[in-house]
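With the hints as constraints, model all of the structure from the sequences given.
Going down the list, the sequences are from chains C and B.
Residue 753 in the working numbering is what sits at position 188 of the first sequence, and the numbering runs on without skipping anything.
Residue 620 in the working numbering is what sits at position 55 of the second sequence, and the numbering runs on without skipping anything.
Warning: the hint list may mix true and false statements.
Which copy? The list can't say, so a pair holds if one copy fits it or any two copies do.
Capping the alpha-carbon separation at 25 Å, the derived lysine to aspartate or glutamate pairs in DMTMM-like fashion look like this [as the list claims (entries may be wrong)]:
1. K720 <-> E586
2. K785 <-> E686
3. K701 <-> E737
4. K796 <-> E686
5. K778 <-> D620
Don't read these hints as lab results, they were simulated from the structure.
2 protein chains.
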Amino acid sequence: MQIGIIGLGLMGGSLGLALQEVRARLQIKRILGFDSNPLHAQMALSLGLVEECVDFASIQACEVLFLAIPLDGIVQVLQNLKPTPHSTIIEIGGAKEQIIDAIPPSLRPQVVASHPMCGTEFYGPKAALRGLYQNKIVILVDCQDCAPEHLERAKDIFSAIGMQMVKMGAHEHDQHIALISHLPHVLSYALANVVLSQESPQNILSLAAGGFKDMSRLSKSSPIMWRSVFKQNRKHVLEALNLALTELQHAKDLLENQDWDNLEAWMARANCLQEFM
Amino acid sequence: MQIGIIGLGLMGGSLGLALQEVRARLQIKRILGFDSNPLHAQMALSLGLVEECVDFASIQACEVLFLAIPLDGIVQVLQNLKPTPHSTIIEIGGAKEQIIDAIPPSLRPQVVASHPMCGTEFYGPKAALRGLYQNKIVILVDCQDCAPEHLERAKDIFSAIGMQMVKMGAHEHDQHIALISHLPHVLSYALANVVLSQESPQNILSLAAGGFKDMSRLSKSSPIMWRSVFKQNRKHVLEALNLALTELQHAKDLLENQDWDNLEAWMARANCLQEFM
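Take a look at the structure:
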């Protein structure tokens, strides 16, 4: 089996590393890569993320094709892809409804829509990490619409690289992920911009401890990637953002009214998170 | 030298552990503890955080007295404290203006106002951690108002337990800390409450990866402790919260208007944080 990875950044590059470790188990002949940025392709090759970089025409011949590019790119590539009739296409975009809607009907059975719940704030080939996918969750979305042989192939690969699979519909996925991933990114970007807009951010930032570091980490994420996530999951992100604005406005009202009992109750309610994770 | 720690939770308990390790260097005879909750005192003792627990009257006889309790408690204790004339009182509250204003003038030269920039989301004696203070920053606030011998004593102790000292005025401290610590807590509490208010939070939370875990960690912090922080730093927390609301409203407008270029620019601006930390 030849596996092709389109997009050799954090996700695609780490996938290349993960697949190399299960080569025997999956009987992988070759791990090929493609990146529209020739510098990234070169870098991925010299970092050993993939074994060979080929052009877009050639990578389509692979039996398994991963799409590990920003969401707008996935939509575009799906329109233009000419895979072999037996190829499995696995896209790993972070929002699903628009991507799935954009799959040409003739291609639909071959496409496995998935979302690996892992990543870091870093991006590009240098951000690739060994073990990124290990013991993480991958959401398989709208599985009923892809052919069993392609779904099985995708499951074999995700299982081999150590992932736990969860099935979900596209709408539910996008709603949940807006809350658990997209909203945290918006909040982190906002926090960073608040501090950076101060007169001497360096004086303030020199005091940062673990709390601020955790809360601002996501604000270092790729604006290009996140632009396309926010674009494609706009409706649900707006819903989540409205909920956050309501909570923050509530906290503000309690502070303004010096309503310390209810502010304490608001925080105690948040403490319940400990029961779940 | 006898050192007394009032409050044997995360901060006071970890301090007990840290002081035990530098006992010889600081010529510490005994590390005593007091906690208004008898169960906490007992727990601190059995965890070896302090060597003996005494009553409030007895702990005041120590040459060095740490106040490691919620901010409202610090204000109260400072009103009632009857230390020896040579005792150094080191309070470690997370907001400074109100505490410093509350120091009785007769006591002022003996009180060192400090803020160690470390902690975790856990609280109580069981949360005490060896090494919590090591290599962390401690802010010494309004040092000009305490007597040199007390300031030197406090510096010797902070230096012995591995802390880096920064001096600052109370107003500047409270402003900076509202941005770097208090606002991140408000955002984290809000995020947790957004998800917990959903119909099936457990389904959503089962998908949580590193991003959400980091962003929600602070929401597990003690509501009692944070109630008093928000109360005492209300003005600056409200300012910081308003800045965050403005940023979030801006992001919302961009999403609503589908202004992807400016949304990308907003995120790219946040990325500049990498230049500082």
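Tested hints:
1. K720 <-> E586: Close inside one copy (17 Å), not across copies (52 Å); limit 25 Å.
2. K785 <-> E686: both (6 Å within a copy, 23 Å between copies)
3. K701 <-> E737: within (19 Å within a copy, 43 Å between copies)
4. K796 <-> E686: within (19 Å within a copy, 34 Å between copies)
5. K778 <-> D620: neither (40 Å within a copy, 39 Å between copies)
Hint compliance for this structure: hint 5 alone is broken.
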